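*Asks:* Chain residues, written in single-letter form:
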Amino acid sequence: MNTILGIGFILIVGLFSAKAAEKIKTPAITAYLVIGIVIGPCVLNFMPDNIINISGIISNVALSLIAFSIGQNFSKRTFQQVGKQVLWISILEALGAWFVTVTALLCFNVPGYMALVFGAIAAASAPAAIIMVVRQYKARGKFVDTLMGVVALDDAWGLIIFSISLAVSKAMYLHLSTSMVSVVLKALLEICGSFLLGGIAGILLSYIGRLIKNKTELLIYTLGIIFITTGLALHFHVSVLLSCMFLAAVVVNLNNESFKYFDVLGDVDWPIYLIFFVLAGASLEIALLAKIGFIGIVYLVFRVIGKFAGTYFGAKISNADSDVSKYLSLGLMPQAGVALGMALIAKDQFPEVGGLIFTTVAATTVVYEIIGPFFVKVALQKTNQIHA
Amino acid sequence: MNVLLGLSLIFLLGLFASKLAEKIKTPAITAYIVIGILIGPYALHFVPKSVLNVSGFISNLALSFIAFSIGQNFSRQVFRQIGRQVLWISALAAFGAWLFVVLGLKIIGMPTYVALIFGAIATATAPAALIMIVRQYKARGKFTEILMGVVAIDDAWGLIVFSVCLAFARKIHFNHVLSISQVIKASLLEIGGSFLLGIFTGMIFKVLSRHIRNPRDLLIFTMGLILLTAGLALHFHLSVLLACMVLAGVIVNFHKESFRFFEVMQSIDWPIYLLFFVLAGANLEIELLAKVSGIGAMYLIMRIAGKIIGTYFGAMIAGADNDVKNYLGVAQMPQAGVALGMALIAKSTFPELGSTIFTAVAATTIIYEIIGPYFVKYALQKAGQIQGE
Chain A
1 MNTILGIGFI LIVGLFSAKA AEKIKTPAIT AYLVIGIVIG PCVLNFMPDN IINISGIISN
61 VALSLIAFSI GQNFSKRTFQ QVGKQVLWIS ILEALGAWFV TVTALLCFNV PGYMALVFGA
121 IAAASAPAAI IMVVRQYKAR GKFVDTLMGV VALDDAWGLI IFSISLAVSK AMYLHLSTSM
181 VSVVLKALLE ICGSFLLGGI AGILLSYIGR LIKNKTELLI YTLGIIFITT GLALHFHVSV
241 LLSCMFLAAV VVNLNNESFK YFDVLGDVDW PIYLIFFVLA GASLEIALLA KIGFIGIVYL
301 VFRVIGKFAG TYFGAKISNA DSDVSKYLSL GLMPQAGVAL GMALIAKDQF PEVGGLIFTT
361 VAATTVVYEI IGPFFVKVAL QKTNQIHA
Chain B
1 MNVLLGLSLI FLLGLFASKL AEKIKTPAIT AYIVIGILIG PYALHFVPKS VLNVSGFISN
61 LALSFIAFSI GQNFSRQVFR QIGRQVLWIS ALAAFGAWLF VVLGLKIIGM PTYVALIFGA
121 IATATAPAAL IMIVRQYKAR GKFTEILMGV VAIDDAWGLI VFSVCLAFAR KIHFNHVLSI
181 SQVIKASLLE IGGSFLLGIF TGMIFKVLSR HIRNPRDLLI FTMGLILLTA GLALHFHLSV
241 LLACMVLAGV IVNFHKESFR FFEVMQSIDW PIYLLFFVLA GANLEIELLA KVSGIGAMYL
301 IMRIAGKIIG TYFGAMIAGA DNDVKNYLGV AQMPQAGVAL GMALIAKSTF PELGSTIFTA
361 VAATTIIYEI IGPYFVKYAL QKAGQIQGE
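Line by line, the protein sequences give chains A and B.
For the first sequence, my numbering assigns the number 1 to the initial residue and increments by one for each residue that follows.
For the second sequence, my numbering assigns the number 1 to the initial residue and increments by one for each residue that follows.
Honestly, the hints are just simulated from the structure, not real lab data.
None of these values were measured; they are calculated from a predicted model.
Any given hint might turn out to be false.
As the list claims (entries may be wrong) - Calculated cross-link-like contacts (lysine to aspartate or glutamate; reagent style DMTMM-like; alpha-carbon spacing at most 20 Å): (1) 215(A) / 263(B); (2) 19(A) / 22(B); (3) 213(A) / 217(B); (4) 23(B) / 217(A).
Claimed, not checked - Using C-beta positions, here's what the derived DEER-type ranges look like: (5) 107(A) / 49(B): 49 to 57 Å; (6) 235(A) / 77(B): 52 to 60 Å; (7) 322(B) / 263(A): 39 to 47 Å; (8) 44(A) / 50(B): 27 to 35 Å; (9) 41(B) / 48(A): 28 to 36 Å; (10) 50(A) / 138(B): 31 to 39 Å.
Stated by the list, open to error - Short, incomplete list of chain A residues facing chain B, as computed with Cβ under 7 Å: (11) 4; (12) 11; (13) 55; (14) 58; (15) 220; (16) 221; (17) 223; (18) 228; (19) 268; (20) 272.
Here a beta-carbon is modelled for each residue, glycine too, at the ideal position from N, C-alpha and C.
Let the hints inform the model, and build the full structure from the sequences given.
*Replies:* Structure representation (structure tokens):
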């Protein structure tokens with residue numbers, strides 16, 4: 001099967017499986033993932049090799065478009081309305097997931113350095129899955145604004161927590177004395193680098209954007225700027241997600257007509273997301289589910305509890321609506337690429353137990369990705385964000 | 001440089017080059033190709049290898065979208081109005097180009113089999129370049145419709161003429177005992193197969209399209225079926241261009257709201273075309289230009305003369321307007337991928353003179369692709385198809 005045929009096949013099968021999923025009130029993204037699993041190497045083994053080869057490009061393109069789309073929620077106006085809640089909730093839910101997971105694992109006699117790494121990975125969520133559900137059901141409202149903000153910031157906190165935890169954990173494991181300051185500096189450098197990159201690209205996008213007149217040019221231009229941001233982020237090893245989010249945040253605040261950049265992408269991005277999630281499904285290693293083990297189950301359960309408790313307290317402190325305090329954590333359940341990326345780093349760092357960490361996170365990702373979107377949908381329904 | 005960085009540079013450079021080109025009234029496609037040459041391996045050497053590696057994929061994607069877009073002109077209604085003219089003009093323009101090039105090359109002393117191959121390659125045109133210019137200037141009218149039809153059918157004639165000539169050339173050169181009827185059968189099989197494939201996916205389209213309601217599904221569905229058609233054509237070694245054109249032809253005739261499918265593709269296809277032409281420019285081997293000797297020049301001139309005169313007679317027989325008679329020939333100047341594909345086959349068939357054929361065709365392609373768009377624009381202007389100006 002050649003690449004073109006493979007992509008055509010994925011598009012059509014993905015489309016109709018999503019239509020079937022609609023009938024049983026299942027989010028499209030779950031359908032894409034399930035189809036991916038079915039045609040992937042673990043079941044039918046139907047996926048041509050050359051598609052797996054381009055899946056790296058597709059996932060970077062999809063993630064950058066998703067991050068760009070999330071970033072549009074960071075307008076001054078939205079920030080005034082939900083900024084305080086977003087800050088409190090995102091910090092506390094990330095710390096909550098970390099703290100509860102670490103404590104639980106320690107209680108079950110997991111070594112301290114391993115518990116720390118699991119806790120740090122628990123802080124991450126999957127912006128892509130969340131935004132897909134929001135987009136599919138055209139959810140809108142204050143709850144959605146808050147959720148988007150939390151999901152976006154989540155990523156920055158996650159990065160900091162992970163870097164620090166990893167450093168401490170390495171010190172414990174190898175009995176090294178790594179200076180805390182240099183670790184924190186490094187994490188901050190990555191975050192600041194992403195901000196700087198996104199900021200410069202955002203200023204370029206808004207100012208040169210004035211030369212752009214018709215829709216065709218607008219599409220090429222917007223794609224060009226997003227890809228250059230992503231390409232540079234990859235090149236300098238800073239965060240693609242943060243850079244593209246910040247790019248969008250700068251544009252939304254600098255440019256009165258910024259909606260046109262988001263609209264023009266909104267017309268074309270869905271096929272890329274479809275391919276991305278089908279490929280993601282194909283790369284999920286279903287066989288790992290059998291190996292999920294005791295640690296995996298503890299991680300699975302206590303991450304959710306930590307997210308819930310953290311969100312609850314964050315919402316209380318910032319005086320958010322009771323909808324937010326009750327349901328927002330449900331929307332944070334999906335976990336995917338970011339967590340896997342962290343687990344991969346952990347795998348490299350700890351030769352002996354790294355494999356176990358990676359396998360466990362990969363296995364729980366399967367669970368979170370497949371049931372997560374349902375919970376996002378439930379959260380959106382309960383808070384009346386879906387206007388039929 | 002990673003792939004995304006490379007793609008973004010191509011997008012942004014292409015975009016601003018075309019804006020600059022607009023100021024000096026040059027078609028965007030010329031700007032894309034020139035930028036491609038500039039950043040390509042023969043000048044600045046700026047295109048990352050990783051991007052050149054995906055250019056095969058991108059060109060199949062772009063060609064299938066282009067063919068789909070051309071195919072929408074094949075509605076019954078349009079066919080009734082201009083079908084006769086399209087048939088006559090395309091047949092005679094192809095024949096004219098073939099005849100002139102064969103005679104011209106015989107005159108400068110080329111062996112008959114080489115002349116035959118050159119003649120066959122001369123029939124091909126580049127639908128992509130044409131449709132880009134028509135789209136850019138929003139050209140509309142009867143002339144444009146006839147041009148689109150001619151360019152589309154051209155491809156089928158070209159395939160037949162080339163297969164037959166190749167068989168003859170082999171017979172002359174290698175003394176092959178190859179029955180001509182077999183050759184014609186093989187080329188008809190390719191054409192017939194492409195038609196069947198297009199009709200088949202068109203029928204699937206028709207049946208499934210009932211379930212498609214919102215614009216998001218529409219885009220995925222249309223793109224998915226075009227890619228399926230192109231992918232199957234590649235798989236069975238059929239013509240991607242013909243199969244996708246027929247797919248569009250089936251849709252336009254059997255679906256009441258077919259315009260929706262074409263519009264949704266138009267909203268997304270331009271970035272792919274930009275990539276396609278910049279990469280095409282980067283893949284042009286500029287150094288070949290120096291090697292265009294008498295053969296290349298003769299081919300270049302005789303092909304155009306043949307197209308113009310063939311079109312003239314075709315238009316006369318079919319009773320077409322004066323505009324069509326006078327300007328449609330020159331609008332068929334661009335030549336690119338299809339011709340190169342044929343030249344590549346010739347190269348692998350004839351070890352001795354094959355690479356001469358390929359080099360000459362590749363070199364003239366550079367000229368045709370760079371100046372061709374100007375002539376298309378000129379023809380469209382003269383025929384009053386560009387309303388904006």
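*Asks:* Does each hint fit the structure? Answer for all of them.
*Replies:* Hints, one by one, checked against the model:
Between residue 215(A) and residue 263(B), the direct Cα distance comes to roughly 13 Å. Compliance with the 20 Å bound is thereby established for this hinted pair. For the given pair, residue 19(A) sits about 44 Å from residue 22(B) by alpha-carbon distance, which is inconsistent with the 20 Å threshold. Using a Cα cut-off of 20 Å, the hinted pair residue 213(A) and residue 217(B) is violated, with the two alpha carbons roughly 28 Å apart. At roughly 15 Å between alpha-carbon atoms, residue 23(B) and residue 217(A) fall within 20 Å of each other, so this suggested pair holds.
Distance hint for residue 107(A) and residue 49(B): a CB-CB separation of about 53 Å, consistent with the stated range 49 to 57 Å. In this structure the supplied range 52 to 60 Å holds for residue 235(A) paired with residue 77(B), their Cβ-Cβ distance being about 53 Å. At roughly 45 Å, the beta carbons of residue 322(B) and residue 263(A) sit within the given window of 39 to 47 Å. Checking the proposed 27 to 35 Å range against residue 44(A) and residue 50(B) shows it holds: the Cβ atoms sit about 30 Å from each other.
The hinted range of 28 to 36 Å is satisfied by residue 41(B) and residue 48(A), whose Cβ atoms lie roughly 29 Å apart. Taken as a hint, the range 31 to 39 Å holds for the pair residue 50(A) and residue 138(B), whose Cβ atoms sit roughly 38 Å apart. Hint on residue 4(A) holds. Least Cβ distance to chain B is approximately 4 Å, under the 7 Å limit. Evaluation of the residue 11(A) hint against chain B yields a held restraint, the C-beta minimum of about 3 Å falling below 7 Å.
A hinted interface residue such as residue 55(A) counts as satisfied when its beta carbon comes closer than 7 Å to some beta carbon of chain B; here the least separation is about 12 Å, so the hint is violated. Taking 7 Å as the C-beta cut-off, the interface hint given for residue 58(A) is violated, the closest approach to chain B being about 11 Å. With a cut of 7 Å, the hint placing residue 220(A) at the interface with chain B holds, because the nearest CB-to-CB distance is about 5 Å. For residue 221(A), the interface hint holds, the least distance from its beta-carbon to any beta-carbon of chain B being 6 Å, beneath 7 Å.
A cut of 7 Å between beta carbons decides the hint on residue 223(A): the least distance to chain B is about 6 Å, and the hint holds. Interface hint status for residue 228(A): upheld, as the beta-carbon distance to the closest one in chain B is roughly 4 Å, under 7 Å. Evaluation of the residue 268(A) hint against chain B yields a held restraint, the C-beta minimum of about 5 Å falling below 7 Å. Look at residue 272(A): its Cβ only gets to about 10 Å from chain B, farther than 7 Å, so that hint breaks.
Violated hints for the displayed structure, listed by number in ascending order: 2, 3, 13, 14 and 20.
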